[in-house]
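If you want the building blocks of each chain, they are given just below.
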Amino acid sequence: TQLLEQSPQFLSIQEGENLTVYCNSSSVFSSLQWYRQEPGEGPVLLVTVVTGGEVKKLKRLTFQFGDARKDSSLHITAAQPGDTGLYLCAAPGGVNRDDKIIFGKGTRLHILP
Amino acid sequence: KAGVTQTPRYLIKTRGQQVTLSCSPISGHRSVSWYQQTPGQGLQFLFEYFSETQRNKGNFPGRFSGRQFSNSRSEMNVSTLELGDSALYLCASRPQSSYNEQFFGPGTRLTVL
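Taken in order, these protein sequences are the chains called A and B.
If you read the first sequence in this note's numbering, its first letter stands for residue 1, the second for the next number, and so on.
If you read the second sequence in this note's numbering, its first letter stands for residue 1001, the second for the next number, and so on.
Check the hints yourself; a few may be wrong.
The calculated lysine-lysine pairs, modelled on DSS-like cross-linking and capped at a C-alpha distance of 27 Å, are [claimed, not checked]: (1) 59/A <-> 1013/B; (2) 56/A <-> 100/A; (3) 70/A <-> 57/A; (4) 70/A <-> 105/A; (5) 70/A <-> 59/A; (6) 1057/B <-> 70/A; (7) 56/A <-> 105/A; (8) 105/A <-> 1057/B; (9) 105/A <-> 59/A.
Away from chain B, derived, C-beta distances all over 12 Å, residues of chain A [said to hold, decoys possible]: (10) 22; (11) 24; (12) 37; (13) 45; (14) 57; (15) 58; (16) 62; (17) 93; (18) 113.
No lab work stands behind these hints, which were simulated from the structure alone.
Where a beta carbon is used, it is the ideal one built from N, C-alpha and C, also for glycine.
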């Protein structure tokens, strides 16, 4: 069974600080997604990474896919209270595009004003 | 384009009862997946339907079932409710040609008393 391990589980930092959260696995993935979920709502897709070593930027958020496509990181620069939420990584659970999507348990991020 | 909709948003039931939740995917999306989200277990995959057929299945007991209609709308049913079934139930749809990106509804918050 493929698993996605996210760390840290919880992170509380001051506004303006930088942070990095991680998504790791022993399996190779064809693609990996990051989502953000706010209380009482469903997860919202932030980005998809596909190529090993790929880096994508979304304003102050930088996503990187590991060279071996087994892990990914999300770096936030100058965090703001609006970044607060649960960050989830997800990937296909098998080698086929139609395989089920598995999720990590997430990193709960709280930005203090 | 309208997003994924789920009804009802909130539901309170008692042990032993059954419940049916509904999900309407984004227009044109033929795949609908269901997830159970709890604080301890995170997002757990229930099942996925594609063109009215169950394409993938998670590790939940037979009390959890689903179906999909010809218009891609989906329902999930939980029979003989247990206290542990209290959770946020999320539905997600995905387009056929994608890197497994999913679009989530707001969820149905089920409380079992």
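key: Earlier hints that do not hold, by number   = 1, 12, 13 and 17
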